[in-house]
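Residue numbers for the sequence shown follow this note's numbering, beginning at 1 and rising by one.
Hint data in this document are derived by calculation from the structure and do not stem from the laboratory.
All values reported here derive from a predicted model rather than from experimental measurement.
No residue lacks a Cβ here, since even glycine has one placed at the ideal position from N, Cα and C.
Some hints could be false.
Pairwise CB distance ranges (calculated) [as the list claims (entries may be wrong)]: (1) PRO66 <-> TYR170: 20 to 30 Å; (2) GLY117 <-> GLN252: 47 to 57 Å; (3) GLN227 <-> GLU77: 23 to 33 Å; (4) GLU229 <-> LEU181: 47 to 57 Å; (5) LEU64 <-> LYS219: 26 to 36 Å; (6) ASP241 <-> ARG171: 12 to 22 Å; (7) ALA223 <-> VAL282: 51 to 61 Å; (8) GLY291 <-> ALA148: 47 to 57 Å.
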Amino acid sequence: MPIVFGALTVLCLAVGLLAIPMLRDVGPVERLGGRAGGASEATERSSVTAKLVETLAARLGPVLAPSLRASRRASLEHKLDYAGRPAGMTVQRFVGRKAALTLLLGVGVGGFFLLLGASPILIPILAVGGWFAPDIYLSRAARVRQSAIERTLPDFLDILAVSVRAGLGYRYALRRVAESLGGPVGEEMLTVLRQIDLGQDRRDAFLALRERNASDSLKSFVAAQLQAEELGVPLSEALNDIAADMRRMAGQNARREAQRASPRVSLLVTTLIVPGSMILIVLSMYFAMRGSSGGAGLFGG
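Please work from the sequences and hints to get the whole structure.
Take a look at the structure:
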């Protein structure tokens with residue numbers, strides 16, 4: 001039973017933390033207008049917490065990172081690549097952040113609640129949450145980045161094909177389009193160009209691009225481009241064909257995601273809305289009958 005109470009406490013705390021920004025949201029107009037005072041105060045508060053986490057991570061990362069297995073290190077490298085290495089994240093910094101959040105939540109926040117009379121089981125629950133929170137954040141960042149690549153790659157290829165057809169060299173056109181559009185696709189293409197400028201073979205640079213990302217569309221683009229180069233197909237025609245294939249794949253993925261969403265919506269309705277509606281109906285009947293019978297209650301007595 002204490003475990004259940006501890007888990008419910010953590011859940012309520014998480015929901016409360018997520019709800020605070022929503023309750024304090026003043027709307028898009030005020031956000032775009034930029035309230036400098038409030039923004040600076042929020043930034044200052046977040047920077048203090050971030051500095052504390054980074055300080056602990058800088059001390060704990062070099063101690064814990066060498067103990068990682070080679071397979072675990074390789075897995076983290078792939079996940080960081082998929083997420084675009086936010087803020088220049090390395091495996092050592094990532095492991096340090098996991099340890100720092102574990103200490104801060106388990107010892108700091110858990111100890112504070114313990115002083116307030118909470119159950120001691122809350123400390124290991126918060127510590128486990130702090131250990132896995134960076135993994136959840138990294139997985140979400142990777143998923144968002146790869147989805148953005150899937151969504152913007154066809155437009156990128158269309159503009160690139162027009163630029164090449166206009167007479168620009170492929171590398172120059174690739175650089176101009178990447179710098180103009182930006183985003184995850186632009187960042188990845190600029191990384192490829194930097195690797196080529198440093199002397200890496202063009203084929204190897206694009207193969208490394210494919211390895212850094214989990215996007216099926218990007219992998220198909222790399223494979224089709226390398227095949228077009230080997231067969232001597234003009235790049236402008238190849239890019240148009242690749243962009244058309246990407247759009248067709250994007251449509252198929254959208255339909256697939258829509259099919260997957262239907263059972264989730266049904267499950268949400270079944271588990272949350274229907275029980276809540278039933279409770280509301282029963283309570284309404286109870287209070288109505290209690291008021292009409294002078295407090296006898298729904299079942300008498």
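Against the structure, the hints come out as follows:
1. PRO66 <-> TYR170: 20 to 30 Å: At roughly 43 Å between Cβ atoms, TYR170 and PRO66 fall outside 20 to 30 Å, so the hint is violated.
2. GLY117 <-> GLN252: 47 to 57 Å: holds, 55 Å
3. GLN227 <-> GLU77: 23 to 33 Å: Holds, since GLN227 and GLU77 (Cβ atoms, about 28 Å apart) stay within the stated range.
4. GLU229 <-> LEU181: 47 to 57 Å: violated, 23 Å
5. LEU64 <-> LYS219: 26 to 36 Å: holds, 33 Å
6. ASP241 <-> ARG171: 12 to 22 Å: Roughly 20 Å apart at Cβ, these two residues keep to the hinted range, so it holds.
7. ALA223 <-> VAL282: 51 to 61 Å: Between ALA223 and VAL282, where Cβ atoms are some 59 Å apart, the hint holds.
8. GLY291 <-> ALA148: 47 to 57 Å: holds, 56 Å
Hints 1, 4, counting from the list given before, are not met by this structure.
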